Amino acid sequence: MKKIKIAHLYYDLMNLYGENGNVRYLLDRLEKQNIDVSLYFLSIGDKIDFDKYDFYYMGTGSEENKLIVLEDIIKYKKQIKTAILNGKFFLVTGNSLDLFGKRIETYDKGNIEALDIFDYIVKEEDFRIVGEQYYTFPFIDEKIIGFQNRNSAIMEYNHPLFKVISGTGYKPQSLEEGILEKHFYGTYLLGPLLVRNPYFTDYLIKEFCREYDIQYKNNIEDSSYKAYQMYLNNFYNNDKTINN
Amino acid sequence: MKVSIMIIINKLITKICKLFGKNGSVYPGYIIYDVLRQKKILEKIKYPKYVIAVTGSSGKGSTTDLINHILTDNGYDVCYNKNGSNGVLAATTLILNNCNIKGEFKHQVLLLECDERHLKLIFGKNKMTHLVVTNVTRDQPARNGDPDIVFQDIIKAIGDDTKLIINADDPLVNRLSYLFKNDCITYGVGKTSDSYLKSSIEAVDYAYCPRCHAKLDYLYYHYGHIGNYICPNKDFRRGDVMYEVKDVDFLKHRIKINDEDIYLNKDVLYAVYYTVSAYALCNYIGVSKEDLKKAINGDKLSSKRGKVRELDGRKLTMLETKNENNLSYYQSLRFIKNQTGKKTIILGFDNVSRRYQFNDLSWLWDVEFELLNDKTIDKIFIIGRFRYDVLTRLSFANIDNNKLILIDDLNELIKRVKQDSVGDIYTMVCFDMTANILKLIEDDENEKN
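As given, the protein sequences belong to chains V and H, one line each in that order.
The first sequence: position 67 = 67 (my numbering), numbered continuously.
So the mapping is simple: my numbering equals the position in the second sequence, first residue as 1, plus 1000.
Any given hint could be a false lead.
Claimed, not checked - Looking from chain V toward chain H, a few residues come up when the C-beta cut is under 10 Å (computed):
no., residue
1, Glu19
2, Asn34
3, Ile35
4, Ser38
5, Tyr40
6, Phe41
7, Glu71
8, Ile73
9, Arg128
10, Asn151
11, Ala153
12, Thr168
13, Gln173
14, Phe235
15, Asn237
To be verified - Taking lysine-lysine and the BS3-like style, the derived pairs with C-alpha atoms no more than 30 Å apart in a straight line are:
no., chain 1, residue 1, chain 2, residue 2
16, V, Lys32, H, Lys1163
17, H, Lys1215, V, Lys75
18, H, Lys1289, H, Lys1315
No wet-lab data here; the hints were simulated from the structure.
Remember, predicted model here, so these are calculated numbers, not experimental data.
Backbone N, C-alpha and C define an ideal beta-carbon position, used for all residues, glycine too.
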């Protein structure tokens, strides 16, 4: 069986919200499928080969770190685009999503060219969007839960990952959130999104197995599923209300 | 409106609060600052010679307590926010209550523990004479955003004449040493037996040189990004500090600051930091080494943290641990790890924060729970409505699953701890659960009697 390689990109800069939880959970879940998986931590100073790895993950960083990463990652612009077009898996969470649009209109540093992989413009606001998020994902029945804490917004895009039930989409008042293109999954949800949404992770693993011709085995539900259910029980008594 | 009227109103409301048995440390300031919209009132006060602020993500309360202890012991007339309310409303209440009718501050020293985001509000125009910065780390991100935002807010409060007393072990804080031309007094802690070269979790807030963006090389870490670092291009470094701690001996409660033998009132690293920062500040403003030693070593200040109780003849230490702050958890975990004998731990929470209703759980993955993978740990009882989230996190920390016990009904906790575990007990819980557990212990004691 093919050995699967996960790349945690800019792990030491884009790591503000327990991002390590995503790669650890992903690794564990792939191993439970009897897949031989290796995890690679890559950052500034490494030569990143976007053909070498099968799953790329990047998380949230401070605004300063986001721009430090942009200075470095921009040299891989073409390779990243090719990798996405070739169906490599990308999970991009929090403000690292800003890097994949055409440009970032910053609050205090003017316009900065971004990777220009997708046709969206990011605008940094002088306020922060902070709060609980509750979404649907069209390919599973279970809702998506999570948290956002950002000062940037995507102006418009046509291929959303999630639909907003409550919370914030691309920008305030948007009812759509995130980017879904081939196997690129991008969202402003931050932190351990995969751990908190085990059913979404199931979907991701199934897609991954399908892409790599690996027989998918049904998963034994662990405490992460109970945590998910308990969160819904405690905080959502219907599809729109948050109970605190 | 005139300052004198505001001072009278503030004092009057404080008296009324006290009459009704309320603490009254924030409410009068709220009336003045928010309701009467006197946002500039603090700019109209005539301040004393010493206006000292202590800020940072953690350790500011203990540092302030110790500075007050040293200065008071040395004859200074100090007014400080000893109840720990540290925002602009509390500062307004305290300052106006300690002014005469002309708006002149009545004490020789104003000493304030300050919320790092509120510092710029308290010291908008009138800047402090001395600022102690303990550290800037990820803390309450729903309120604070990221550490860079906090740092930028601290910068806004610094005036041309503000003397800076900074923890140079924190590279983020140490940026102040080259961003400002002010007098800058640095302190730090040398390598200890708990220092390490690599953490099991990469939850470091500051890893790159602020000048050239090269990754910092660390000679050692104390915790988080706090340690001894140098930029490979020599653009930035911790370097030598003016007040350096050496020979940390937790067992004997002793440290050396610049070769002076100093007492430590708690056997944890954060106590080392608050001791050296208070020492540095007080020495800088004129307290001699001999008088510092007398104040710290002779008239010992008791430690506030870590209340000790007893349960069924077993020692029970309550470590208040701040949610949304991985380094607060780290210090509790390190404290537990350094204790001898078998240990039982109680862990969990019902609410992430008492300031807001958000339930961002991401910080759980930044806490190095891997330190609990230790043969001295007998059992870990997991409580609260996020117990399955905590359990999931612990299941990734290489801890034997048999040691993890979920408590669905909190009323069962004491019975289960007595029945199913051995050793000293440590609670590592936040504000809400501390009160619950104390009540359970008291109920248990009452039942016995």
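Hints, verified against the model:
{"no.": "1", "hint": "Glu19", "in the structure": "holds, 8 Å"}
{"no.": "2", "hint": "Asn34", "in the structure": "violated, 19 Å"}
{"no.": "3", "hint": "Ile35", "in the structure": "violated, 18 Å"}
{"no.": "4", "hint": "Ser38", "in the structure": "violated, 17 Å"}
{"no.": "5", "hint": "Tyr40", "in the structure": "violated, 13 Å"}
{"no.": "6", "hint": "Phe41", "in the structure": "holds, 7 Å"}
{"no.": "7", "hint": "Glu71", "in the structure": "holds, 7 Å"}
{"no.": "8", "hint": "Ile73", "in the structure": "violated, 13 Å"}
{"no.": "9", "hint": "Arg128", "in the structure": "holds, 6 Å"}
{"no.": "10", "hint": "Asn151", "in the structure": "holds, 7 Å"}
{"no.": "11", "hint": "Ala153", "in the structure": "violated, 15 Å"}
{"no.": "12", "hint": "Thr168", "in the structure": "violated, 13 Å"}
{"no.": "13", "hint": "Gln173", "in the structure": "violated, 20 Å"}
{"no.": "14", "hint": "Phe235", "in the structure": "holds, 7 Å"}
{"no.": "15", "hint": "Asn237", "in the structure": "violated, 15 Å"}
{"no.": "16", "hint": "V:Lys32 <-> H:Lys1163", "in the structure": "violated, 57 Å"}
{"no.": "17", "hint": "H:Lys1215 <-> V:Lys75", "in the structure": "holds, 19 Å"}
{"no.": "18", "hint": "H:Lys1289 <-> H:Lys1315", "in the structure": "violated, 37 Å"}
Consistency note: the structure conflicts with the earlier hints numbered 2, 3, 4, 5, 8, 11, 12, 13, 15, 16 and 18.
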